[in-house]
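Number of protein chains: 4
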Amino acid sequence: MAGRNHLFVPGPTNCPHEVLSAMHVPMEDHRSPIFPNLLKPILEDLKKIFRTEAGQCFTFPATGTAGWEVALTNCLNQGDKVLIYRFGQFGHLWAEAARKLGFDVEIHQVEWGKGIPLDHLEARLKDDKNHEIKAVLATHNETSTGVTSSIPGVRKAMDNAAHPALLFVDGVSSIASIDFRMDEWGVDAAISGSQKGFMLPAGLAILCFSQKALAATESSTFPRSFFSLKDMAASNKDGYTPYTPSTPMLHGLRKALDLLLEEGIENVYARHHRLGEGVRRAVAAWGLKICAQPGFESDTVTAVVVPADKDARDVIATAYRKYNISLGAGLTEVSGKVFRIGHIGDMNDVSLLGAIAGVEMAMLDHGFDIKAGSGVGAAVEYYRSTAK
Amino acid sequence: MAGRNHLFVPGPTNCPHEVLSAMHVPMEDHRSPIFPNLLKPILEDLKKIFRTEAGQCFTFPATGTAGWEVALTNCLNQGDKVLIYRFGQFGHLWAEAARKLGFDVEIHQVEWGKGIPLDHLEARLKDDKNHEIKAVLATHNETSTGVTSSIPGVRKAMDNAAHPALLFVDGVSSIASIDFRMDEWGVDAAISGSQKGFMLPAGLAILCFSQKALAATESSTFPRSFFSLKDMAASNKDGYTPYTPSTPMLHGLRKALDLLLEEGIENVYARHHRLGEGVRRAVAAWGLKICAQPGFESDTVTAVVVPADKDARDVIATAYRKYNISLGAGLTEVSGKVFRIGHIGDMNDVSLLGAIAGVEMAMLDHGFDIKAGSGVGAAVEYYRSTAK
Amino acid sequence: MAGRNHLFVPGPTNCPHEVLSAMHVPMEDHRSPIFPNLLKPILEDLKKIFRTEAGQCFTFPATGTAGWEVALTNCLNQGDKVLIYRFGQFGHLWAEAARKLGFDVEIHQVEWGKGIPLDHLEARLKDDKNHEIKAVLATHNETSTGVTSSIPGVRKAMDNAAHPALLFVDGVSSIASIDFRMDEWGVDAAISGSQKGFMLPAGLAILCFSQKALAATESSTFPRSFFSLKDMAASNKDGYTPYTPSTPMLHGLRKALDLLLEEGIENVYARHHRLGEGVRRAVAAWGLKICAQPGFESDTVTAVVVPADKDARDVIATAYRKYNISLGAGLTEVSGKVFRIGHIGDMNDVSLLGAIAGVEMAMLDHGFDIKAGSGVGAAVEYYRSTAK
Amino acid sequence: MAGRNHLFVPGPTNCPHEVLSAMHVPMEDHRSPIFPNLLKPILEDLKKIFRTEAGQCFTFPATGTAGWEVALTNCLNQGDKVLIYRFGQFGHLWAEAARKLGFDVEIHQVEWGKGIPLDHLEARLKDDKNHEIKAVLATHNETSTGVTSSIPGVRKAMDNAAHPALLFVDGVSSIASIDFRMDEWGVDAAISGSQKGFMLPAGLAILCFSQKALAATESSTFPRSFFSLKDMAASNKDGYTPYTPSTPMLHGLRKALDLLLEEGIENVYARHHRLGEGVRRAVAAWGLKICAQPGFESDTVTAVVVPADKDARDVIATAYRKYNISLGAGLTEVSGKVFRIGHIGDMNDVSLLGAIAGVEMAMLDHGFDIKAGSGVGAAVEYYRSTAK
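Chains as they are written, first to last, in UniProt numbering: chain A, 1 to 388; chain B, 1 to 388; chain C, 1 to 388; chain D, 1 to 388.
There's no promise every hint is true.
Since copy identity is lost for identical chains, a pair holds within one copy or between any two.
Below are the DSSO-like pairs computed for lysine-lysine, each with C-alpha atoms no more than 27 Å apart in a straight line [what the hints assert, rightly or not]:
#: 1; residue 1: Lys371; residue 2: Lys289
#: 2; residue 1: Lys388; residue 2: Lys310
#: 3; residue 1: Lys255; residue 2: Lys322
#: 4; residue 1: Lys322; residue 2: Lys40
#: 5; residue 1: Lys114; residue 2: Lys48
#: 6; residue 1: Lys237; residue 2: Lys337
#: 7; residue 1: Lys40; residue 2: Lys134
#: 8; residue 1: Lys322; residue 2: Lys388
#: 9; residue 1: Lys100; residue 2: Lys237
#: 10; residue 1: Lys134; residue 2: Lys156
#: 11; residue 1: Lys289; residue 2: Lys337
#: 12; residue 1: Lys388; residue 2: Lys337
#: 13; residue 1: Lys100; residue 2: Lys81
#: 14; residue 1: Lys212; residue 2: Lys255
#: 15; residue 1: Lys237; residue 2: Lys47
#: 16; residue 1: Lys255; residue 2: Lys40
#: 17; residue 1: Lys237; residue 2: Lys156
#: 18; residue 1: Lys156; residue 2: Lys81
#: 19; residue 1: Lys212; residue 2: Lys230
#: 20; residue 1: Lys100; residue 2: Lys114
It should be emphasised that the hints constitute simulated quantities derived from the structure, not laboratory data.
Source: prediction; values computed, not measured.
Given the sequences, and given the hints that come with them, work out the whole structure.
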C-alpha cells in the first residue's frame, strides 16, 4: 500500500528518525576503553526521566515484561506474598508472571475502567499486621484500558498503613510520557521498556530501583542469573555490562534521551496531556464513551467503547486493511468492545488528527451513527486553542 | 518539536522508507563489471513510467530544472524560436531558462488558473507557415497554480496545424503521478525530476526523448558538454555513464520503480486522483475556491485561494510554526493569495486528512469563517466511499 | 580518528550493510495480521542453520547468555545435577549461571587450550549409574581460548555410556559459522546469539530444542516466566510472540538468513575455515603459538599467545589507540597472555589481511621479534592459493 | 560475496557511516524559514576547506565534471582562448569539455607521469603579449596518473609573466585531501566534487571563486541557465537555492565538514601524505615503479606501472572477482599499463594495508615476480614508525 502506515498502537511507538539513524551504526567492541563514555551518561540521564536522585537506573537487553521479573526476582524471596490490583490485561500478565515465578500473589479484581482503589488498599495494608505482603505491584498506566492510577495515592495509602512493603510500579506506558516521580512518590522499583515513551524499538527493559530495593536484593535468595541486578550493578559501576549489550539500542537511547531532555520532561507530560485530551474530545463528539472512568483517563492511550451492536474488531480490521492505520485491539475481557488509540511517544497534533479522521472512516464504514468530521472538528478546536 | 514534520509541499515529496534505506549503501565503483546490472534495467523500467516503447530514457545527476536545459540545448540550435504559454511560476522559469540560453522565446501569457489554450495554440501554429517555431514548451502540470493542461490536446493542435515543431513537456510534477503517455501523445522530450512522483530526494533529472528528438540532437550545434545527450547515450549503451553517477540515487530509483510498478502505474494515477479529489471536496466544504479553473484541476497539488481579506502567508507560517505542517506558498503573482497542498508521491488518505485538519486549524487561527471539521468531514466521506 | 574502526573481536561481529539497512524500519504493530508472515518463515529458516528437521527454533529478545538460562530453566528441575567441562571463560560463566540458578554443577577443569576430554566424559557418564546427571553442558566453541570441541565426540561418549542426559550445546560462536548439526549430533538444546555468526547486533538469543528437550519442559517445575519456552511456543504457533518483539531485529535476522542461505551454509563453514587457517599460518610465520592445542583450533577465533616477556594487553591497547583495530583481550586466566583475532561473521580475506598487518604493527611497536610482513605474507600465500 | 567490498578507486571514496546516516533523513521543505540555518554555515565552512577568506563558495547539484563547466561558462565568453596542459585523462576531458563548449583550447601535451611544466608555462604566457589567453586550466591532481602539479608554481609563472588570465584549478581529487590554498595561491576558480575528499556520494559540484572571477561573471555573455553563478549567488545570499537542492546531500556535507574540521585540515593533509607514502614504499618493495615521476607523486592516488609483459587489467579483474577489492583502472593511454590504488578520503593505515595485501595476491596470481608480504612489510614499517 502506498504511503506510510499510521501507527497508533500504544507501543511499539513511532521512532523519531533521529533515533533510528542513531541506531544505524557499525558494531563496536563493548569492552573498549571508550564504551563507558556511552553507557555511564545514559544511566545518569535516565535518572532525570525517572525523577530520582537517590535511585539507580539500569537497562537490561530484554523487554518491559522482563522488567517485571527483574524487580520480583531480585528484591523478593521465593514464595513471598505480593499484592496486586487487576484492572486490565497488563496487570493480569504481571500477576501471572509473579504466580509462575512462585510468588504468593494476592489479586484483587477491579472493574476494568477504574484504577487502584486507594481506600481498599489502605484497609488491606492496615489489616496485614504481620507485614506478610512484601511488595505492592501497582500498574501506573494500564495500557489495555487506558486507565491511569494514582501512584502518589498508593504511596499515601502505604504510609497511612505504615506498611513496609516495597512499592513496584509498572510504568511501561507512563514513564517518559506522563508524570512520574520516583523519589517524591517513594517508588522502590519502576519498570519501563524502550518501545513506549522512550521511542525506541522493543529490546530494553529500563528500570530504576530505590536504595531500599537495592538493599533487599542483598538478602534475596531467589535463583537468578541473567537478570541479576547485583551483577549488572557491579559491571555498570565501571561503565560496562556483564554480557554483550546491544550497542545500537544504547546509541538510540542516547539520542532519545537527548530529545526528551531537550523538550523538557514537564513539556513532554504537557504534550501528552493535550494529545490525550484532544482524543477524548473527539470521542465525546462522536457520542461514544471511553473505557476509563472519570479521574482515571490516560494521557498515553484511549480505549474507545463501541456501541453494544458493534464489534470493535471490525473497526480495527477496516482501519488497517483499508486505511493503513494500526489501532490497538481490545484484549481478552474487552475484546470486540473497545479499540484503542495510542497517543504516546513521538507524536503531535496533526498525526493524531489523521488518526481520528481515519477512525471516523472505519466507524462510518461499519454503520456507526456518527457525523463525518465531528470528532476531528472537536479535536481541531481543542488543539488549536491550546497549542503554543 | 516532537513528532514528525508533515510535508505537503508539492516537492520534494515524502520518500518511502524503503527508498531511503535503499540509498543507505556503501559507495561502489561505477566502472565495475556489475554496474550495468544496476543502470540498464533502470533505464528500461523508466520507459514503463513514461509509457514509451520507441523513446529512450536518461537520468542526469542534476535536477528537473536542468532537464529543461537538456531538452533545449540538445535538440535545438542557438537562437531557435520556441513557443510557451505561461500560466504559473514554473512555466515562467522555463521561459526564463530558454531566454537566458539565447533562444527566441515567444511567450503567451495565460490567466493563472487556466492551462494551455488549445484553440489559440492551433491558430498560432497554423499561422507559423514557415515553421519558425522549432519547439512547443508545454507545462503539463503547473505546480504553482495546481493546473493541469491537456497534452493530448496540445498534440492534436499541433497535428491539426501539421506543424513539425518538437513537443517538449515539463512533467516534473505529473510523470509517475498522473496520466502521462509519451508515445500515444507524441511527446518528443519529457522532463521530470526525482523529487516528485519518483519519491526520491532531488538530484536526478529524469528524461525521455523520442527518436525524432534524438535525431534533432545530431544536427544541433548548441555548445554543451555536461548535459550532452549524445555523450550520455554513448555511455549508457554499455550500461555506464560519462562521469561519476550518484549510486545511492540509482539504488533509490531502483527501489522507487519497484514500488511504482508493483502498485501499477494506472493504480498510481487513480490513487492521485482520489487524493486530489478529496482535497477539492474539503476546499469546497470550507466555502473556498481553488486556483485551478474547472477542467484544469491538478491531481498532484491544489492551490487554495484565500478570501480577499486574508493573507495565505499567515496560514502557511502558522501551519509550519504551530503545527509542523509544511505547505506550499503562493509564488510571485499569487503570493499571499494562495497556499498549496501537495498530494503527490508516497501519500495516502490518512496523511492527507491530517493535512486538511491541520490547515483547518491554521485557517481558524487566522479568523477564517470555516467550521472546524467541515473540510475533513467532506474528505472523510469521499475517501471512505471510494477506497477499495 | 579517520577511517573505519577495524573490528576483530569475536563478537559482536561486523554487520553487513544490508542487515543494518533492513533494521532501519519504522515500528510496526506486532499484533497485525501480517506479522506472522515475518516471524514464521524466520523460525523455519533457522532450522536450516541449526541443521534440524525434528527440532524447533526460537528467538528470545535477550542475548546468548540468556540462552543458557532458557535451556537450563525450561528443561531441568531446580537442583538437578549438570556436568560441565570448563576450559575457558565462557564455559566458566555458563557453569556460574547454572550455579546461581541453583543447579548442582559438576565442573571438571580442563587445561585452557584443550576442549572436552571425550574419554573422561565417557568414563564419568558410565560411572553415573543412577543417571543423576540430567544434562551435559558442552561449549562447542570456547571463544576465550579459540578452542573447538567435538560435539559428535560428546554424543558418541554419551551413547557409549547409554546415558539419557540431555545434551546442551553452547554454539554462540560456532552456529552459522562452523559445522553444526542439531539432528545428526543428537543435540537437545543449541544456544546461539545474534551478534556472532548471525551478523546482527546483540539482542536475540537464538535457540533450537529437540523434541526430547521440549518434552522435558513439560515436567520441569523451575520457576520461570519471561524465558518460558512453553509460552513462547504457544504464541509462535500462530506466528506471534508472548510479548513485544524487536521488529527491527527480526527484519535484520530475515536479511541475515537470506545472506547465509544464499551463500550456502556449507560454503559459510568453508569460508570460516579458510579465514581461520590463514590467521594460523600468519601466527606460525611470526614464530608464535596459538592457545588452542592441535585438533582444537577454532575457525572463528584465534587466541595468539605472546612470548613470556610480553604483555598482550599492550598489543591490544596499541592496536586500538594507534591503529583503530579492535582485538579481543585475554580473559581472566589468560589475561595479558593472549590476544584474540575474531574471524567470524561477515568477513573476507582482505579484511583479515588488514587485521594481520595491523597486529604486526602493534607487535613491532612493543618489540616483538617478528619480521614485518611475515605473517601477512604467509596468509597471502594461503588465501590466494585456496580462493576460488 | 561475504564480507565487505574493499573500495580503493580514487572516487567515489568510502563514506563514513556518520555521513551516510546524516543523509538518511526525511525530505523537507527547502523554502522553509529554517533552511538557511543549514545552507549558510555550510557555505561559510567550505571556505575553511578551500582556505579562503576573500573567495565565495558554492555547491551545485551536479558533479565535479559540471564544475569545470560552471567555471568556464560563467567567467569567460564564447570563443575565449584557454590554455591547458594535458598529462592524463581528466585534463583531457576538461579540455574536451572546453572544446565542446566552443572555447579556443590551446592544449600542450605533457608526458603522462609529469605535471605542468612551469618554465614552459611562464614562457608561453610571456609570449602571449596581447593577453589572448583568458584562463589557465590547471589540473592540481591528475587522478588518472597519480600526478600532483604545483599550483603555487603555476601562480608564480603567471605572476612572472604578469599575465592577467584567470587561474582555474581542477581540485576534484585534491581539495579536502592534500594541501590547497585558494587565497595564498591566487586561484580564481577552484573546482571539486562531493565524492572524493569530501567523502560523500557523487552529486555535488563544490566550487570556490575569487572576487576577480566573480567580477568576470558580470561581463560574460555565455548562454547559461542552470549553472548560472549569478542566480546561485543571488539565492544563496538569503540562504536559499534557485531550484530544489538535495537536502540529504547538504546534511551529508554538513557532517563531512564537521569531520574534516574536527580532524583539522592540516592533519587531513598529513594523513593523506602518510597514506600515500606507505603505498609508495610498498610499490618500491615490490620492485615496481609508479606512473608519477619524482616530485609529482600524488598523496591521494597511486598509479602502479606493471612490467611490460603483464596486463594491469588482469590484476584489477582478479582483485575484484576473487578478492572483492575495487582498484582503479588505467585509462586510455595507460590502459593495461597501470592499476591505481586510491588512498583518498575516509581511510586509515589498516584499510590500506589490506589493499596492499590484496594487490599482492592478485599480482602473484598473475605471475608477478614479487615476494608475498614484501609490500605490506614495507608499509607496515613505514606506517608504524610514523603513526602518532
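To see whether the hints hold, each was checked on the structure:
1. Lys371 with Lys289: Answer is both; intra-copy 16 Å and inter-copy 24 Å each pass.
2. Lys388 with Lys310: Between copies only: 22 Å across chains, 38 Å inside a chain, cut-off 27 Å.
3. Lys255 with Lys322: between (34 Å within a copy, 24 Å between copies)
4. Lys322 with Lys40: This pair counts as between: shortest inter-copy Cα distance 25 Å, intra-copy 46 Å.
5. Lys114 with Lys48: For lysine 114 and lysine 48, neither the intra-copy (29 Å) nor the inter-copy (49 Å) Cα distance is at most 27 Å.
6. Lys237 with Lys337: between (48 Å within a copy, 26 Å between copies)
7. Lys40 with Lys134: neither (32 Å within a copy, 41 Å between copies)
8. Lys322 with Lys388: between (34 Å within a copy, 7 Å between copies)
9. Lys100 with Lys237: between (32 Å within a copy, 21 Å between copies)
10. Lys134 with Lys156: Only inside one copy: lysine 134 and lysine 156 sit 17 Å apart there, 50 Å across copies, limit 27 Å.
11. Lys289 with Lys337: Within. Shortest intra-copy distance 11 Å satisfies the 27 Å Cα cut-off; inter-copy 42 Å does not.
12. Lys388 with Lys337: So lysine 388 and lysine 337 pass the 27 Å test across copies only (26 Å; inside, 36 Å).
13. Lys100 with Lys81: both (13 Å within a copy, 23 Å between copies)
14. Lys212 with Lys255: neither (31 Å within a copy, 45 Å between copies)
15. Lys237 with Lys47: The answer is within: 15 Å in one copy meets 27 Å, while 40 Å across copies does not.
16. Lys255 with Lys40: Answer is both; intra-copy 14 Å and inter-copy 25 Å each pass.
17. Lys237 with Lys156: neither (33 Å within a copy, 45 Å between copies)
18. Lys156 with Lys81: within (21 Å within a copy, 48 Å between copies)
19. Lys212 with Lys230: The answer is within: 14 Å in one copy meets 27 Å, while 34 Å across copies does not.
20. Lys100 with Lys114: Result: close within a single copy only, 26 Å intra versus 41 Å inter.
When the structure is compared with the earlier hints, violations turn up for hints 5, 7, 14, 17 and for no others.
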